[in-house]
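Peer 1: Spelled out, the chains give:
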Amino acid sequence: DTGVSQDPRHKITKRGQNVTFRCDPISEHNRLYWYRQTLGQGPEFLTYFQNEAQLEKSRLLSDRFSAERPKGSFSTLEIQRTEQGDSAMYLCASSRGSSGNTIYFGEGSWLTVV
Amino acid sequence: RKEVEQDPGPFNVPEGATVAFNCTYSNSASQSFFWYRQDCRKEPKLLMSVYSSGNEDGRFTAQLNRASQYISLLIRDSKLSDSATYLCVVNRGQTGANNLFFGTGTRLTVIP
Numbered sequence: 001d002t003g004v005s006q007d008p009r010h011k012i013t014k015r016g017q018n019v020t021f022r023c024d025p026i027s028e029h030n031r032l033y034w035y036r037q038t039l040g041q042g043p044e045f046l047t048y049f050q051n052e053a054q055l056e057k058s059r060l061l062s063d064r065f066s067a068e069r070p071k072g073s074f075s076t077l078e079i080q081r082t083e084q085g086d087s088a089m090y091l092c093a094s095s096r097g098s099s100g101n102t103i104y105f106g107e108g109s110w111l112t113v114v
Numbered sequence: 001r002k003e004v005e006q007d008p009g010p011f012n013v014p015e016g017a018t019v020a021f022n023c024t025y026s027n028s029a030s031q032s033f034f035w036y037r038q039d040c041r042k043e044p045k046l047l048m049s050v051y052s053s054g055n056e057d058g059r060f061t062a063q064l065n066r067a068s069q070y071i072s073l074l075i076r077d078s079k080l081s082d083s084a085t086y087l088c089v090v091n092r093g094q095t096g097a098n099n100l101f102f103g104t105g106t107r108l109t110v111i112p
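Note that the protein sequences, when read in sequence, are chains A and B.
Heads up: the first sequence begins at 1 in our numbering, then just goes up one per residue.
Heads up: the second sequence begins at 1 in our numbering, then just goes up one per residue.
Because the hints were derived from the structure by calculation, they are not lab data.
Being a predicted model, the structure only gives us computed values, none of them experimental.
Backbone N, C-alpha and C fix where the C-beta goes; we use that ideal spot for every residue, glycine too.
One thing to keep in mind: the hints can contain errors.
[Stated by the list, open to error] The calculated DSS-like cross-link candidates involving lysine-lysine, where the alpha carbons are at most 30 Å apart (straight line), are:
#1 Lys-11(A) x Lys-45(B)
#2 Lys-42(B) x Lys-57(A)
#3 Lys-71(A) x Lys-2(B)
#4 Lys-42(B) x Lys-14(A)
#5 Lys-45(B) x Lys-79(B)
#6 Lys-57(A) x Lys-2(B)
#7 Lys-45(B) x Lys-71(A)
#8 Lys-2(B) x Lys-45(B)
#9 Lys-57(A) x Lys-45(B)
#10 Lys-2(B) x Lys-42(B)
#11 Lys-14(A) x Lys-57(A)
[What the hints assert, rightly or not] Counterexamples of contact, computed for chain A against chain B with all Cβ distances above 12 Å:
#12 Ile-12
#13 Gln-17
#14 Arg-22
#15 Ser-62
#16 Pro-70
#17 Ser-73
#18 Glu-83
#19 Gln-84
#20 Gly-85
[Stated by the list, open to error] Anything over 10 Å on all C-beta distances counts as not near chain B; from chain A, calculated:
#21 Thr-2
#22 Lys-11
#23 Thr-13
#24 Val-19
#25 Glu-28
#26 Asp-63
#27 Glu-68
#28 Lys-71
#29 Gly-72
#30 Leu-91
#31 Val-114
Let the hints inform the model, and build the full structure from the sequences given.
Peer 2: Okay, structure coming up:
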């Protein structure tokens with residue numbers, strides 16, 4: 001399968017713990033995106049990488065959130081000191097270079113903070 | 001005002017029915033438009049792009065009205081497998097990535 005893959009698919013954590021999600025994009029895609037989706041809402045943009053450079057961050061991405069893409073391939077999204085409001089599906093997506101190209105989503109990582 | 005607005009539904013239709021979803025967008029500079037399909041607890045998947053001239057893919061027809069900033073999706077001869085949430089997506093087309101805006105989705109249930 002050469003699609004976008006995410007790990008873990010599901011995570012239940014206690015409030016205050018740190019969690020990390022990993023995303024492996026489609027291999028020839030140089031753009032990588034993180035979105036968050038809560039029930040009844042569409043995906044909301046969090047951040048975006050072009051190769052290894054993090055070019056944009058949403059205001060939704062508080063200082064407890066950090067994303068990296070160290071070698072321009074896989075990416076990690078870490079949430080520190082999780083809060084119940086962080087419970088959501090975290091979607092990774094990738095696309096080829098220019099704006100307007102279709103983005104392809106991974107299956108998402110479900111986070112439940114208890 | 002939201003960038004993209006959709007009627008959340010739900011739409012419950014019998015098999016074989018024709019159903020139409022509408023979407024409006026607020027930014028007149030938006031350049032590309034898509035419909036994504038999302039099954040329950042799954043990721044969104046591209047259904048079709050929407051072109052100014054309108055386009056059709058089998059039972060699905062998408063139309064764009066730039067003057068009214070309105071996008072539609074028509075599904076003919078609905079199948080049980082069409083049950084899903086349909087997301088309207090608008091791309092402003094500016095450089096960078098914070099230019100993709102998703103509607104909240106319209107939920108469709110096709111009933112036997």
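Peer 1: What are the numbers of the hints that this structure violates, sorted from low to high?
Peer 2: Hint check: 3 and 30 fail, others pass.
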